[in-house]
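Peer 1: Work out the full structure, taking the sequences as your base and the hints as a guide.
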Amino acid sequence: MKPAAFTYHRARDVEGATRLLAELGDEAKVIAGGQSLVAMMNFRLARPGHLVDIGGLAGLAGLRTDSGGGLHIGALTTHHAVETAPADALGPGFAVLRDAMRWVGHLPIRTRGTVGGSLAHGDATAEWCLLAVLLDAELVAHGPDGERRIAAAEFFHGYYTTALEPDEILVEVVFPRPAPHAALTEFAERQGDFATVSAAVDLEPADGGGHFTAARVALGGVDAMPVRVPEAEDALVSGGAPGPELYARTAAVAAESVDPPSDGNGSAHYRRVLIRTLVARACEEAMAR
Amino acid sequence: MTDNAPEHTAQQRQLLSLDVNGETHELLTEPRRTLVDVLRHDLRLTGTHVGCEHGICGACTVLLDGAPVRACLMFAAQAEGKEIRTVESLADGTRLNDLQQAFSEHHGLQCGFCTPGFLMLAEGFLAERPEASKEEIREVVASNLCRCTGYQTIVEAIDDCAARRRAALRSRLEGTAHHNGDSRDSEDENTSETVPPGAACEEVPCGSTTRSR
Ligand SMILES: Cc1cc2nc3c(=O)[nH]c(=O)nc-3n(C[C@H](O)[C@H](O)[C@H](O)COP(=O)(O)OP(=O)(O)OC[C@H]3O[C@@H](n4cnc5c(N)ncnc54)[C@H](O)[C@@H]3O)c2cc1C
Ligand code: FES
Ligand code: FES
Ligand code: FES
Ligand code: FES
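One line per chain: the protein sequences are W and E, in this order. In this text, residue positions in the first sequence follow full-length UniProt numbering: the first is 1, and each later residue adds one. In this text, residue positions in the second sequence follow full-length UniProt numbering: the first is 1, and each later residue adds one.
Bear in mind the hints are in silico, worked out from the structure with no lab data behind them. Quick caveat, the model's predicted, so the values are computed rather than measured. Virtual Cβ for every residue (Gly too), placed ideally from N, Cα, C.
Rough simulated footprint, nothing fancy, chain W against chain E, three-plus residues with beta-carbon under 8 Å: (1) 22 to 32; (2) 45 to 58; (3) 70 to 80.
Computed cross-link-like contacts, DSS-like style, restricted to lysine-lysine with a CA-CA straight-line distance of at most 25 Å: (4) E/82 to W/2; (5) W/29 to W/2; (6) E/82 to W/29.
Estimated spans, in silico, between C-beta atoms of each pair: (7) W/214 to E/128: 33 to 39 Å; (8) W/267 to E/13: 46 to 52 Å; (9) E/92 to W/59: 37 to 43 Å; (10) W/19 to E/92: 46 to 52 Å; (11) W/1 to E/65: 24 to 30 Å; (12) W/237 to E/142: 34 to 40 Å; (13) E/25 to W/214: 53 to 59 Å; (14) W/189 to E/23: 37 to 43 Å; (15) W/204 to E/42: 52 to 58 Å.
Peer 2: Following this line, the structure appears as structure tokens:
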């Protein structure tokens, strides 16, 4: 199908774009890479009367680290730019982000699709949404009244629903600290599809490696948004020596702690089976770094 | 264009300037025209195909500033100021480029519907990753759909073309007159030293057959 007619506006700067969004109200939508929005418009699942194209705002693309070791990723940075970022822009502390990109669609999707677009779109199994929740990212939104920072834990409200107001533009996501022992893995029916279940962990082994001092476990595809699994995190921290046995026990705890849906991509039982495999695999991969 | 101000109403058309295969085209279109529709309907460049219109099949893949993209998932207006390359840019008249020849030699196509998309996908990918392993090629080939070939021959065609380009580059760097270690393409032997690096195989096809379709 072909999209419904709309008026096209090319933004020159963030302030102008948010002003215009406020003026146009419900009728307007931001377009970044278009990898989700254009598909929806082609099928007339979305028919905005106005598109505000922020794709030309070069200042919103790129990676930079701050003095506190945090990583700032501009909203317009493409998945492919992260995938191919040089080591000095994305060191071992954030290798998890680079490695996760191979799971996002395919190369020609990743060359256009943006980090900010992914987060704003809020798909329950999107890799960026899972990474943001796992690593306590902060999302920086620009609206008519200026900027505000939203914690990832408060950003995702449900299926394709986020804390962003219609006249706000996501300008940046901040990953506050390095995560050298983190990994994301998933299962999708075909390579490049959205995941049926995705699992990500961020582990902090004690000096000497005898146990974990802290651990974070997050899952995608089990709820309307990515979720942390505190029961599995406790299992890792209180479970003793790192190794396959601990990871398998943790994965079993994770599978029992969530209430995944049954749908066309798989039953709740099938998703639990995937969780048992994927959480253990993510732990192995995180510790192999 | 005034700053962020509405430029036209939905019914109106907008003036666009697109750089396609090295030529600038001025055209008047509705904003809702996707890049693939402008290429096919306005510019009559029907080599780029269109299948699913939601990013799955890859038949519409073109290069945007050198990178493979889905032409069905962007509005033409978003491509202003960028260099667009379509499958029409590959052959020199009736002389296929080396990648096209490799597809032909390896039977990397049957009905041909998917072929323009695979060619542009591979051109973009190999330009960025000339050293790509067969496994990497296999993963990238998974971006697009082909109902006929079973993909194996497409992977082999791209892998073979990449190997020949690497061999040609090596032999040029070594300053020998033979590219590719064989001299089937003898008419080009004398020119290979004058070809600038990176442009090698486009100007000096390594394959033996020159087939026109
Ligand atoms: C075949 C295919 C497979 C895919 N597979 C995956 C996958 O496996 N995993 C995955 O995560 N994604 C996948 N995607 C989606 C892809 O990652 C998109 O890039 C992403 O969802 C949206 O980014 P975008 O820049 O293209 O945003 P757009 O499509 O331009 O916009 C998406 C939405 O976000 C809003 N928006 C965009 N940018 C901003 C901003 N800066 N501020 C406020 N709102 C904004 C838009 O208004 C719109 O509602 C796939 C897409 C396709 C076509
Ligand atoms: S037509 Fe563009 S991906 Fe299928
Ligand atoms: S050759 Fe027929 S679809 Fe690929
Ligand atoms: S010729 Fe392509 S599927 Fe039959
Ligand atoms: S043609 Fe029958 S299974 Fe493929």
